[in-house]
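S.K.: Each chain is listed here by its residues.
Protein chains: 4
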Amino acid sequence: MVTGQDQRGRPAVSQDRQSLEQQQSQPQQFASDNYAGICPEAWAAMAEANEGSAVAYGDDDWTHRASDAFRALFQTNCEVFFAFNGTAANSLALASLCQSYHSVICAASAHVETDECGAPEFFSNGSKLLVATTDGGKLTPDAVLALATGRSDIHYPKPRAVTITQPTETGQVYTLDEIAALSATCRDLGLRLHMDGARFANACAALGCSPAEMTWKVGVDVLCFGGTKNGMAVGEAILFFDRALALDFDYRCKQAGQLASKMRFLSAPWVGVLESGAWLRNAAHGNACARRLAAAIADVSGIEPMFPVEANAVFLRAPEAVLQGLRENGWRFYTFIGGGARFMFAWDADLARVDQLAADIRAIAA
Amino acid sequence: MVTGQDQRGRPAVSQDRQSLEQQQSQPQQFASDNYAGICPEAWAAMAEANEGSAVAYGDDDWTHRASDAFRALFQTNCEVFFAFNGTAANSLALASLCQSYHSVICAASAHVETDECGAPEFFSNGSKLLVATTDGGKLTPDAVLALATGRSDIHYPKPRAVTITQPTETGQVYTLDEIAALSATCRDLGLRLHMDGARFANACAALGCSPAEMTWKVGVDVLCFGGTKNGMAVGEAILFFDRALALDFDYRCKQAGQLASKMRFLSAPWVGVLESGAWLRNAAHGNACARRLAAAIADVSGIEPMFPVEANAVFLRAPEAVLQGLRENGWRFYTFIGGGARFMFAWDADLARVDQLAADIRAIAA
Amino acid sequence: MVTGQDQRGRPAVSQDRQSLEQQQSQPQQFASDNYAGICPEAWAAMAEANEGSAVAYGDDDWTHRASDAFRALFQTNCEVFFAFNGTAANSLALASLCQSYHSVICAASAHVETDECGAPEFFSNGSKLLVATTDGGKLTPDAVLALATGRSDIHYPKPRAVTITQPTETGQVYTLDEIAALSATCRDLGLRLHMDGARFANACAALGCSPAEMTWKVGVDVLCFGGTKNGMAVGEAILFFDRALALDFDYRCKQAGQLASKMRFLSAPWVGVLESGAWLRNAAHGNACARRLAAAIADVSGIEPMFPVEANAVFLRAPEAVLQGLRENGWRFYTFIGGGARFMFAWDADLARVDQLAADIRAIAA
Amino acid sequence: MVTGQDQRGRPAVSQDRQSLEQQQSQPQQFASDNYAGICPEAWAAMAEANEGSAVAYGDDDWTHRASDAFRALFQTNCEVFFAFNGTAANSLALASLCQSYHSVICAASAHVETDECGAPEFFSNGSKLLVATTDGGKLTPDAVLALATGRSDIHYPKPRAVTITQPTETGQVYTLDEIAALSATCRDLGLRLHMDGARFANACAALGCSPAEMTWKVGVDVLCFGGTKNGMAVGEAILFFDRALALDFDYRCKQAGQLASKMRFLSAPWVGVLESGAWLRNAAHGNACARRLAAAIADVSGIEPMFPVEANAVFLRAPEAVLQGLRENGWRFYTFIGGGARFMFAWDADLARVDQLAADIRAIAA
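Chains as they are written, first to last, in the numbering used here: chain A, 1118 to 1483; chain Y, 1118 to 1483; chain W, 1118 to 1483; chain G, 1118 to 1483.
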């Protein structure tokens, strides 16, 4: 039986997710950081933007103000565009760097490869993703070099771009030196560097560096800055630090169904989180909750983190009996990455609830 | 100079729009019905949806409830999907009816042909739009027949679908008989019938018929129901009355960057406007304002409506001096359709402001 | 019933073509100039190329030699690529000039618009064709200007290229001045000029000018030079006079299934027709046959040419009774353009057979 | 510097191929089986087809005859289409089995994955290839099952087809039982089975089975039958054993630039090789030459085949000194697969030259 996005009984959902998605939303769960709602600062800006009428398609005051807020935050006169979600933002950005017969180098765990249903190939009309498997899951200059130079005949798509996820899907953060080394390799090879920043703010909070230091100052050409996971209802920002790359990008967004008519409602929340500093506070809170959980169970035998806890995610390797026990206690989490349990903390994570989770893990593991 | 969607000095904007888009939003303007904000019912639902956390990607209670609200309103167990905007909704729906080597028949004034920057061709990877020019701008069975049978060799894309805009871009409404006649022709020719309902509610209000009567009961296969112009921040609904056509449509939406992670914020507003009846009230108000303006200036010599006023739009043919006078009085309107002045009324149109417009037209024309 | 390209009873063929395509090939017909076979010079080159083995994918001596023959013929160091047919050559060339959100200006009768089944939109992933209807069917600077400047907002695909068919589908030839005027307009508007030269040789023969004079010397950026209609089995050449436009075009051809493994068999025929001068002789013969027919029936009352006879085509307007009489005499011709009878003459047209046709027309018309 | 397909100094060619492609074609080399020319039977048919004129676009007697020859050879009323090359044939066939949000399962060494420059993704507008790495390089039911069931959420493209290369790129042949087992798994999973038969004839010769036994009788839905490597100048055939899958495939070919106007020259060679039995003789000869070489050097120490020699390819693992010695003796071969030396034998392989190669290997290795 075919059903809609509300997925009543849709067979095309793994049992893991099926069972997960069908439960009620209360009490608070940490299965994903997009279970969270809209943060107060974003909400207040939307409320204010809703007073009176405004010009459509992005030539309103809110959109100008949000764009300028990005330029101020990044200390550069970058091009700023707004898209509805991360899949579109990443795909549009990569499509602007490639032709269909080009290829994009990414890590095996990259969201563009594993969780966007072929969107990058669709938006680019065929640009191939060249996947690197590395220790720790981060791309390295050597991995890029190997993929970029392994083939150079016309029977194989020509590499034109590299994309890194900051932080990675498993919560590791590229250091500034690592990014600088990658961008140097890209320049040597004539490749452009794109950063998938669905959780960009969490990376900034983790490294304690400025957005500028993590992007154009270390050679990033294009950034997709995630707003949804940062506390907004919907919306990502695409920043071109090399303005020439943004030529006609507004037409690209329009044709691809990513130009909002009432743009102010996509841009105002950015004004709310950027001007208030909430973008960073929200991320820092999520990171702190992840560290808090990791610390609280560090000494629990039989339970160990699968990956270093550097941002807002904790992946736990635990006996199936423990995972089952947690489920029976009402806890929800994804287990389709590495067989462990993924917990992700958003801007609204309740510390008491985090502590409850830690306590349950300890009790069940005992 | 290249600039972002905030379009600071973007040259690729006609002067007409340039001057239009750069003015302030106050006092209320009627240049477009998407200058309006979010209606109270939609806003209240978003506020309620923002309490606590919810499952992502559409398996939350709000999305189930919104989908059921559509099924109840349309009195049928249709498939329901949510997309971010009308360009994407129309393009995805048409792409699901066609292969790249097929074609879609539409009116010359159809939004898919004139204002979506090639989106239908992009999403379908090349499906061609076959354009019919008709008196009054509505598609007719004869026009469909002529385009569908004019060529039948493999050197020309094979027609597979027909799309009608209800109401049309210039504000005319297809009668139920006209739609039934078109769908009969479509069935005879093996074509599917799609309805672009960016202002579907205005058509329902105009005809005083039920959504079911205007769609599946007269042979419409797929409807794109506009939420943005009806009073929401963002979002359209795609309804498949022939459920078989919706096979894997959720994958299509995901790949095309149209699956919202925090889906509740796309679906809750629908609950707000559908369950409260605001969807119809909002539309009726816009229609009434259009009729009010038309009636108020009916006897003004030198000013005449370019098209019958059947929905929420009034297109006025007036001497350039009058148009200039209106501009000098601070009025904004589009003039790129037929050289007249377009005024469109949304859910929030202020009657006093409408009357002021009528008075100014009368005074300036005198 | 579904059938293959051999089209046994395929319903998707117009009756006109159906009856046409199903008859035997003898005696010689003039319905299309691709009813002709391979000319001796092309055949001899293929035979010679077939001796021994050769390197694949275009790095063989024949391909080098054919490329150099083009450079010599066009008196410039242009980039040369080989594609299998005209639909692919035109579509690949236009795709290299556009992004998906751009548009291409062409005449209403252009082959890319009327007879390539949406190929330009497919190869470019959505670039829209903007169609101009002009007297005589040729594009004009005014028509290009009107289409290029009529819209300049992001809701409409941005014009990036102009394509002209030389000669046109109805057999008219752009003069050098006309092409120069168009290219000047293109330069003013920032547009690239592409020439669809499916019958390029016929145009050269008609104007008595050099290939260089008809292309880069008057501002053509890219030319698709037709080999099939000129006397080859298969194959078109794509010439980039602005070499920068050819960047990575070999990858584009490969990805689009247009790179021949045994390239020598696509390139050798070009050596055969270019070095021997057959390319021009073949075209001149076809043109002469068209003029011969037109002259022979010039005084026949009730029969008149629908278009000026400038290349190898004659379109006759005649009473249906006359057309039927011709069919009964065994003559085949297309009638789907303007309701007249199209006769096209290839390199192998038999003068006696041409005279027979003229005599039959005269007799039947009497 | 940019150059054309004749690749004068094109930088985007690996040195390995560069050096290879730039040498003269004589004496006969075994670097690739598409270094060979046109076999006598194909040539004779082309010569005969070149007499007189013929109807265009595939409704000529030669195309009907070739299609019927395939139906007779495969003992079934299959749909038959002709494309210019294997990249296009495979991509069009897979695109007809998938939508853009679907995926195709293939082996890591599959030509569609490694040597078609993203063509499958381009023709399908984004269908992703899911790659299986298996021992021996053949797909297995377990590998298909793992990839087809590993993910079943809408964030990952839904598997719809499986493609196998028969024989594989390294020259192994799937047994009938292996194919039957794969097709059974495909049926269980609702997947379609496509066979890339670029060297299909070599597989038939190797197994000594009929084309029917290797395809539809063991569950293959669509076959791409390679003509180029089998002794033709250009051209592949696409056979749909499930005729329903061929719906509108002729439009797909036309739009994708794969419909030949002078189709007879694509179809006549098939008549030549199929009716005469040359298709099988040519393949058998190539296979015999591969076995001959393998046998002649079986006892040479330090030299060993990298893969079982089952078709017309021999991949040798040898010390670099030996490879260098062979190069110095004028031998050409690809080494970009596994670091060994690939030798491929076509219909025209000279036995004396094969023996010379064996002798040189023995001498140099000594």
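Source of the hints: derived by calculation from the structure; they are not laboratory data.
Quick reminder that beta carbons are idealized off the backbone N, C-alpha and C, glycines included.
It is possible that part of the hints are untrue.
On the chain Y side, residues computed to face chain G include the following (Cβ under 8 Å) [claimed, not checked]:
(1) Y1218
(2) D1365
(3) K1371
(4) Q1372
Okay, the calculated bits of chain W under chain Y, using three or more residues with CB under 8 Å as the criterion [said to hold, decoys possible]:
(5) 1159 to 1165
(6) 1213 to 1224
(7) 1243 to 1253
(8) 1401 to 1408
S.K.: Okay, which hints does this one fail, numbers in order?
M.R.: 5 and 8
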